[in-house]
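Chains A and B supply the protein sequences, listed in that same order.
Using our numbering, the first residue of the first sequence is number 10, and each one after it goes up by one.
Using our numbering, the first residue of the second sequence is number 43, and each one after it goes up by one.
Fair warning: there could be bad hints in the mix.
Claimed, not checked - Derived EDC-like pairs (lysine to aspartate or glutamate); straight-line CA-CA distance at most 20 Å:
#1 B/Lys105 x B/Glu94
#2 A/Lys191 x B/Glu192
#3 A/Lys392 x A/Asp375
#4 A/Lys55 x A/Glu310
#5 A/Lys392 x A/Glu194
#6 A/Lys191 x B/Glu83
#7 A/Lys191 x B/Glu90
#8 A/Lys410 x A/Asp328
#9 A/Lys105 x B/Glu143
#10 A/Lys410 x A/Glu367
#11 A/Lys105 x B/Asp171
#12 A/Lys55 x A/Glu44
#13 A/Lys143 x A/Glu104
#14 A/Lys410 x A/Glu302
#15 A/Lys55 x A/Glu232
#16 A/Lys191 x B/Glu94
#17 A/Lys139 x B/Glu175
#18 A/Lys284 x A/Asp301
#19 A/Lys283 x A/Glu329
#20 A/Lys41 x A/Glu232
#21 A/Lys422 x A/Asp387
#22 A/Lys143 x A/Asp166
#23 B/Lys105 x B/Glu143
#24 A/Lys410 x A/Asp330
#25 B/Lys105 x B/Glu127
#26 A/Lys410 x A/Asp301
#27 A/Lys284 x A/Glu261
#28 A/Lys143 x B/Glu192
#29 A/Lys105 x A/Asp147
#30 A/Lys139 x B/Asp171
#31 B/Lys181 x B/Glu192
#32 A/Lys139 x B/Asp170
#33 A/Lys17 x A/Glu261
#34 B/Lys55 x A/Glu28
#35 A/Lys156 x A/Asp166
#36 A/Lys198 x A/Asp166
#37 B/Lys55 x A/Glu189
#38 A/Lys139 x B/Glu68
#39 A/Lys283 x A/Glu302
These aren't lab readings, by the way, just hints derived from the structure by calculation.
Remember, predicted model here, so these are calculated numbers, not experimental data.
Residue strings, one per chain:
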Amino acid sequence: MFEPVLLKRASLPRSETIEVYMANGGYQALPKALEMKPAELIDLVKRSKLRGRGGAGFPTGLKWGFMTPENVTKYLCVNTDEGEPGTFKDRELVEKDPHQIIEGAIIAAYAVGAQRAFVYIRGEFFLGVKRWIKAIADAYARGFLGKNILGTSYSLDMSVHRGAGAYICGEETAMIESLEGKRGEPRLKPPYPAQIGYLRQPTLVHNVETLANVPHIVNRGAEWYASIGTEQSTGPKVFCVSGHVFRRGVYELPMGTPLHEIIYTHAGGVPGGKKVKAVIPGGASTPLLTGDELDVTMDFESLAAVGSALGTGAIIVMDEDTCIVDVARRTARFFAHESCGRCTPCRVGTQQAVRLLERIEAGEGDSRLIDQLVDLVDGMAGKTFCPMGDALVAALRGTFKFMEEFHAHVALKRCPLGLPYQEGAPIREKAPGASTHAAA
Amino acid sequence: MEAGKFAVQDPAKRAMVLTALFIAQEQFGYLSPQAIARVAERLNMAPEDVYETATFYSMFRFKPVGRHVIQVCEGLSCHLAGGAERLVEYLQRTLGIGPGETTLDGMFTLQTVQCLASCGTSPTMRIDDTLYESLTTDKVDMILQALRGEG
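Produce the entire structure from the sequences given, and follow the hints as far as they go.
In structure tokens:
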């Protein structure tokens, strides 16, 4: 039985308070870390093989190593802009144990020499904002933040910044634009934020789950950490399970846990004894797997090997009665909704995908609609400014594993599963330059 | 402050624009041209710059809404778990308005939104600053009644 690391305190009463955090091992890594040289910390994290938990899985120690310039102002951004459909782990980590993330953030900031940290939180997380503000104030009061932390020469300030409803701001360069008070449109990479970030200074951006791992690595060592999980995907991972399972929720398990074990053992299997038709393994951006692919283990390399990705570890289970065309339509609608509008392939491509999928789902037209959809997806692939356009491409290509179902829709002129077509709320027409949302 | 108009804008000052817009929206209920102008003046920005930024973000509104804004999650996970559409239907019937509309008494505005990051506890809605999870029609009735009671 795997003993939770990141969610260990989450079930305790008042787990969000600094008292409970400190009574249960909290803020013990920070003094150790401050006694180490930054280079030693970077080496420690490199040896732990910790990889980013926001979706891309970039090696954390390597990222820290890029923040090399000396004698310049450097920043740390704590990414709490969780918005990937199916994902609800960061909200849990922030609401239940914010000090774990703060301790990790201070250690990361010290290791890279950042003097200022921003928490960028999704604007809709009202409770999370409150928890962050309280936790930061308590950390200041105890001398973990501010001038001369724990009597050392190291100083760090931290503040909370609310986003205002834009999925794209979870992308690191869009987040930096938003922090600067601009529209959250992504920047071209390279240069990466570690070179040119907030106010053109080197900036380290990390997902909250990534930072939550850091105090444990300092406390228990890189070898302990690397012994959890697989060779290349180490440590614990917080999975979110939703959709057609008995027990939806967050599950902290070692990297490399088999998908079927998560669905059947932990989440209790599929209600009604139904078969799994498809599973989205890592949030709406990751290509779905079919019910025959449940033997895959949940780690970066195994999911890449089957043509998908670990993403955020958000597992969405779909039973045999799920219409995949409808899933494709809903996914496309999300991306059309959230496209920032900067580049044409994404802005127009996502909207066209919605229109085609609405017509296919409604049983209109013929197989040329499907050809058009495939052409559209091929046309978008690799041609959008940031990874968001390609995320829809990947998601739709995943649904094409069920191509016969697309053809059945146009052949029968209705959904073959007998599901009534439900007109979703239409996407509001965009005012020039405006982003859609609210009623969409 | 003529000279200030032509000075290079302080980038750190502009960083406060989202915060300022949230405060303005709370005060005025929505971002009217006057509210935008007020923010622009405070941050030494052109009003069109403030407007351009504000329109990017879905949490800012440019028209008045009801006293309470109800947002129902109809993301993929909520849809699969069942109940998201039924919740919208129930609210439509109870309030007599469709998504994007406001009740005649100005109490409630109904909206549907994408993922609220509560996929484990759907159906889910948010009213103003509060998230309500694992909803049933009874719970919805109670919540609406309580909000009507406090006016």
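Against the structure, the hints come out as follows:
In summary, the hint linking lysine 105 of chain B to glutamate 94 of chain B is supported, as the alpha carbons are separated by about 16 Å, within the 20 Å threshold. At most 20 Å may separate the alpha-carbon atoms for a hinted pair to count; lysine 191 of chain A and glutamate 192 of chain B exceed this at roughly 37 Å. At most 20 Å may separate the alpha-carbon atoms for a hinted pair to count; lysine 392 of chain A and aspartate 375 of chain A exceed this at roughly 28 Å. Distance check on the hinted pair: lysine 55 of chain A and glutamate 310 of chain A sit about 18 Å apart at the alpha-carbon level, within 20 Å; holds.
Pair hint lysine 392 of chain A plus glutamate 194 of chain A holds up; C-alpha atoms about 16 Å apart against a cutoff of 20 Å. Using a Cα cut-off of 20 Å, the hinted pair lysine 191 of chain A and glutamate 83 of chain B holds, with the two alpha carbons roughly 17 Å apart. Proximity of lysine 191 of chain A to glutamate 90 of chain B is assessed by CA-CA distance (about 12 Å); at most 20 Å being required, the pair is judged to hold. At roughly 16 Å between alpha-carbon atoms, lysine 410 of chain A and aspartate 328 of chain A fall within 20 Å of each other, so this suggested pair holds.
Of the supplied pair hints, the one linking lysine 105 of chain A and glutamate 143 of chain B is violated, its CA atoms being roughly 35 Å apart against a limit of 20 Å. With a C-alpha separation of about 19 Å, the suggested pairing of lysine 410 of chain A with glutamate 367 of chain A holds against the 20 Å cut-off. Simply put, lysine 105 of chain A and aspartate 171 of chain B have alpha-carbon atoms about 18 Å apart, close enough for the 20 Å limit, and the pair holds. With a C-alpha separation of about 18 Å, the suggested pairing of lysine 55 of chain A with glutamate 44 of chain A holds against the 20 Å cut-off.
Among the hinted pairs, lysine 143 of chain A with glutamate 104 of chain A is consistent with the structure: their alpha-carbon atoms are about 11 Å apart, no more than 20 Å. A distance of roughly 12 Å separates the Cα atoms of lysine 410 of chain A and glutamate 302 of chain A; the hinted pair therefore holds under the 20 Å criterion. Using a Cα cut-off of 20 Å, the hinted pair lysine 55 of chain A and glutamate 232 of chain A holds, with the two alpha carbons roughly 11 Å apart. Restraint check for lysine 191 of chain A and glutamate 94 of chain B: satisfied, since their Cα atoms lie roughly 9 Å apart, inside the 20 Å limit.
With a C-alpha separation of about 19 Å, the suggested pair lysine 139 of chain A and glutamate 175 of chain B falls inside the 20 Å cut-off, and the hint holds. Restraint check: the Cα-Cα separation between lysine 284 of chain A and aspartate 301 of chain A comes to about 10 Å, which is no more than 20 Å; the hinted pair holds. About 6 Å separates the Cα atoms of lysine 283 of chain A and glutamate 329 of chain A, which keeps this hinted pair within 20 Å; it holds. Distance hint between lysine 41 of chain A and glutamate 232 of chain A is fulfilled; the C-alpha atoms sit about 17 Å from each other, no more than 20 Å.
Distance restraint check for lysine 422 of chain A and aspartate 387 of chain A: the Cα-Cα separation of roughly 25 Å exceeds the 20 Å cut-off, and the hinted pair is therefore not satisfied. With a CA separation close to 15 Å, the supplied pair lysine 143 of chain A and aspartate 166 of chain A stays within the 20 Å bound. Annotation: proposed proximity of lysine 105 of chain B to glutamate 143 of chain B holds, straight-line Cα distance about 12 Å (limit 20 Å). The straight-line distance between the Cα atoms of lysine 410 of chain A and aspartate 330 of chain A is roughly 16 Å, inside the 20 Å bound, and the hint therefore holds.
For the hint pairing lysine 105 of chain B with glutamate 127 of chain B, the CA-to-CA distance comes to about 26 Å; that exceeds 20 Å, so the pair is violated. For the proposed pair lysine 410 of chain A and aspartate 301 of chain A, the alpha carbon gap of about 12 Å is at most 20 Å, so the pair holds. Pair hint lysine 284 of chain A plus glutamate 261 of chain A does not hold up; C-alpha atoms about 25 Å apart against a cutoff of 20 Å. For the hint pairing lysine 143 of chain A with glutamate 192 of chain B, the CA-to-CA distance comes to about 28 Å; that exceeds 20 Å, so the pair is violated.
Between lysine 105 of chain A and aspartate 147 of chain A, the direct Cα distance comes to roughly 15 Å. Compliance with the 20 Å bound is thereby established for this hinted pair. The straight-line distance between the Cα atoms of lysine 139 of chain A and aspartate 171 of chain B is roughly 11 Å, inside the 20 Å bound, and the hint therefore holds. Proposed proximity of lysine 181 of chain B and glutamate 192 of chain B is supported: the alpha carbons are some 17 Å apart, at most 20 Å. With a CA separation close to 15 Å, the supplied pair lysine 139 of chain A and aspartate 170 of chain B stays within the 20 Å bound.
In summary, the hint linking lysine 17 of chain A to glutamate 261 of chain A is supported, as the alpha carbons are separated by about 9 Å, within the 20 Å threshold. With a C-alpha separation of about 35 Å, the suggested pair lysine 55 of chain B and glutamate 28 of chain A falls outside the 20 Å cut-off, and the hint is violated. Only pairs whose Cα atoms come within 20 Å are accepted, and lysine 156 of chain A paired with aspartate 166 of chain A is accepted, the gap being roughly 8 Å. For the suggested pair lysine 198 of chain A and aspartate 166 of chain A, the alpha carbons sit about 28 Å apart, so the restraint of at most 20 Å is broken.
Pair hint lysine 55 of chain B plus glutamate 189 of chain A holds up; C-alpha atoms about 9 Å apart against a cutoff of 20 Å. A distance of roughly 17 Å separates the Cα atoms of lysine 139 of chain A and glutamate 68 of chain B; the hinted pair therefore holds under the 20 Å criterion. Under the criterion of a C-alpha separation no larger than 20 Å, the hint pairing lysine 283 of chain A with glutamate 302 of chain A is consistent with the structure, at around 16 Å.
The structure shown violates the earlier hints numbered 2, 3, 9, 21, 25, 27, 28, 34, 36.
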